[in-house]
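All chains, full assembly: derive it from the sequences and hints.
There are 2 protein chains.
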Amino acid sequence: MSPECVIGVDLGGTKVLAGALDDDLTVHHRVYKTVHGLPQRELIDVIVAAVEEVRATAPHEVAAVGFGIPCLIDQRTGVATMAVNLPIRDMPFRDVMAERLGLPVHVDNDANVAALAEFKAGAAQGVTDAVVLTLGTGIGGGLILDGKVYRGAIGSGAELGHMVIDRDGPRCQGNCPNHGCLEVMASGTALMREGTRIATERPGSLLGRALAGGREVTGALITELAHDGDEAAIDTLALIGSNLGVGIANYLNIFNPDVVVIGGGVVAAGDLLLEPARREVAARALPTMRDHARIVVASFGPEAGMVGAGALALDELRREVA
Amino acid sequence: MSPECVIGVDLGGTKVLAGALDDDLTVHHRVYKTVHGLPQRELIDVIVAAVEEVRATAPHEVAAVGFGIPCLIDQRTGVATMAVNLPIRDMPFRDVMAERLGLPVHVDNDANVAALAEFKAGAAQGVTDAVVLTLGTGIGGGLILDGKVYRGAIGSGAELGHMVIDRDGPRCQGNCPNHGCLEVMASGTALMREGTRIATERPGSLLGRALAGGREVTGALITELAHDGDEAAIDTLALIGSNLGVGIANYLNIFNPDVVVIGGGVVAAGDLLLEPARREVAARALPTMRDHARIVVASFGPEAGMVGAGALALDELRREVA
Chain A
-12 MSPECVIGVD LGGTKVLAGA LDDDLTVHHR VYKTVHGLPQ RELIDVIVAA VEEVRATAPH
48 EVAAVGFGIP CLIDQRTGVA TMAVNLPIRD MPFRDVMAER LGLPVHVDND ANVAALAEFK
108 AGAAQGVTDA VVLTLGTGIG GGLILDGKVY RGAIGSGAEL GHMVIDRDGP RCQGNCPNHG
168 CLEVMASGTA LMREGTRIAT ERPGSLLGRA LAGGREVTGA LITELAHDGD EAAIDTLALI
228 GSNLGVGIAN YLNIFNPDVV VIGGGVVAAG DLLLEPARRE VAARALPTMR DHARIVVASF
288 GPEAGMVGAG ALALDELRRE VA
Chain Y
-12 MSPECVIGVD LGGTKVLAGA LDDDLTVHHR VYKTVHGLPQ RELIDVIVAA VEEVRATAPH
48 EVAAVGFGIP CLIDQRTGVA TMAVNLPIRD MPFRDVMAER LGLPVHVDND ANVAALAEFK
108 AGAAQGVTDA VVLTLGTGIG GGLILDGKVY RGAIGSGAEL GHMVIDRDGP RCQGNCPNHG
168 CLEVMASGTA LMREGTRIAT ERPGSLLGRA LAGGREVTGA LITELAHDGD EAAIDTLALI
228 GSNLGVGIAN YLNIFNPDVV VIGGGVVAAG DLLLEPARRE VAARALPTMR DHARIVVASF
288 GPEAGMVGAG ALALDELRRE VA
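Chains as they are written, first to last, in our numbering: chain A, -12 to 309; chain Y, -12 to 309.
Worth double-checking, as some hints may not be accurate.
One copy or two, it doesn't matter: identical chains are merged, so the pair holds either way.
Unchecked claim - Below 25 angstroms or equal to it, Euclidean Cα-Cα: the simulated DMTMM-like pairs (lysine to aspartate or glutamate) are:
id	residue 1	residue 2
1	Lys135	Glu307
2	Lys2	Glu39
3	Lys20	Asp77
4	Lys135	Asp9
5	Lys107	Asp133
6	Lys107	Glu29
7	Lys107	Asp9
8	Lys20	Glu290
9	Lys135	Asp61
10	Lys2	Asp222
11	Lys135	Glu48
12	Lys135	Asp302
13	Lys2	Glu181
14	Lys135	Glu303
15	Lys20	Asp222
16	Lys107	Glu188
Simulated from the structure, these hints should not be mistaken for laboratory data.
Spelled out as structure tokens, the structure:
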């Protein structure tokens, strides 16, 4: 086989990040473009331009393109059946992209490809069973089961953020009609909501004074003040970590995984988030599962989606050759 | 291959049920023995006797024996790592049985083999992805994913009853240290507990009068009175059904299965239990998952474990031949 490479594309609600990857997942060239608020036609044009720009500078011939997109995807058709932040719902995304690019195109949920990146070259390398949770605005979920990405009967599975841990909890976000999902209890959005609440209740804390001074209570601010020793910020992270731990304990009992990988912006808080999560897991999970699994931070940060999308394209290439 | 058959054995906390099965899972001969309270040595003797009795009357040569046992099993070693009601914890059950019987022996969790029975010849036949919940004293869970039983990294997965749906709910049962698990919210035990509570709160109801008259509030009594139109009994089943629905919605979002199969004694209540569950699912699950999955009653009743244990032995035989 002559040297060739793939292009991995991470499409988010606000940006597209594309890169050329070798078969060892080394990234050669990156292109970043904003797509916030674009209507469908312009969105597709920007994505095509990003891929073509990467292709023009790729070190080898490009054999396939992989996409990670923040949508539920019906893998039988390549159509996005649910898309919160992008105007591509009910569009045959895979076929449109293959037509525009003249290349084989593979599409998966962004959280599934992030899990694939961790499995191929990150924190879940060498295991057979891994649960990957990406904590951001929402919670993305990816599953590696018996050494493969698990996608469900029609490719829409692993919505791991939408597991209820508090049946009478707050209403979930976006298109989810549920209450008390892990996503509304332990995401970056939950961290900001609880941080704002605690800041209001404790006006004398550093967090309270920051809010009174007009600062937005972001995850970054909470993490910064917690590292400075502010109890209100520490308690906020402990609350979110504890909720996360309830969810992790559930996933240990359900999957008996080798490893649970936690990624996304929120993990910048490190042990201030993860120690309360681990304590909750120790108190709740069945001992056999608890004693087997490691709970670790993701290896890939903002490039997880792009690397995983490239890994998806490589996997599909190898399947065709085999 | 000359005609041969397998023996399936369902071992419970109180009984052992063994039967000879053809390769189409037809059961030929059944032996039932009680094992309640036996110490380990006598327990093993009774099991061996039951298998030998079936073997003596089997229509063909017996090629292998499968066991479904109510334990967590480390599939790397065949050792039961957690056994609530049987004195076989930390015992090399598989190897001991193979030695005593002089036959290949395969062991799995009772809920896993019940799922296998539904997949091979029951309510989950012909699908690729199924979630099987067996509601009894506890809740047994089995997973068919991508057309195979999913067991987890060391074979202890699919403890589907031990998923928290109410993080501050009641303490769970047996060896589970958790709170608000599906098992403590929607099992037969939960039905009896909530039925007793509601009977006490409503002394004028049929259920209340039955309790006052000295009857035990069993699932069978609640179901009988609900069919007679007693609102207290109907509300009890609706409460348990609603809790079950929260759990099913979680499993739809996590697995995107084709079918969710509900078995065990509690399903005798039929739609009085399942309609409230379906309403909860309709209100909570993500639409893509909800619209794809069927929620159905199990095909196998008390013989699910025996049939599934036989199916396990057959699967392993075919794997060796292939």
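We went through each hint and held it up to the structure:
1. Lys135 / Glu307: both (16 angstroms within a copy, 23 angstroms between copies)
2. Lys2 / Glu39: This pair counts as within: shortest intra-copy Cα distance 16 angstroms, inter-copy 67 angstroms.
3. Lys20 / Asp77: Classified as within: same-chain Cα gap 24 angstroms, cross-chain 57 angstroms, threshold 25 angstroms.
4. Lys135 / Asp9: within (21 angstroms within a copy, 33 angstroms between copies)
5. Lys107 / Asp133: Answer is both; intra-copy 14 angstroms and inter-copy 20 angstroms each pass.
6. Lys107 / Glu29: Classified as neither; 33 angstroms inside a copy, 50 angstroms across copies.
7. Lys107 / Asp9: within (13 angstroms within a copy, 43 angstroms between copies)
8. Lys20 / Glu290: within (14 angstroms within a copy, 60 angstroms between copies)
9. Lys135 / Asp61: Both: 18 angstroms inside a chain and 21 angstroms across chains, each within 25 angstroms.
10. Lys2 / Asp222: Neither way: Lys2 and Asp222 sit 33 angstroms apart in one copy and 50 angstroms across, limit 25 angstroms.
11. Lys135 / Glu48: The answer is neither: 27 angstroms in one copy and 38 angstroms across copies each exceed 25 angstroms.
12. Lys135 / Asp302: both (10 angstroms within a copy, 22 angstroms between copies)
13. Lys2 / Glu181: So Lys2 and Glu181 fail the 25 angstroms test inside a copy (27 angstroms) and across (51 angstroms) alike.
14. Lys135 / Glu303: both (12 angstroms within a copy, 22 angstroms between copies)
15. Lys20 / Asp222: Neither: 37 angstroms inside a copy, 56 angstroms across copies.
16. Lys107 / Glu188: neither (45 angstroms within a copy, 57 angstroms between copies)
In summary, the numbered hints that this structure violates are 6, 10, 11, 13, 15 and 16.
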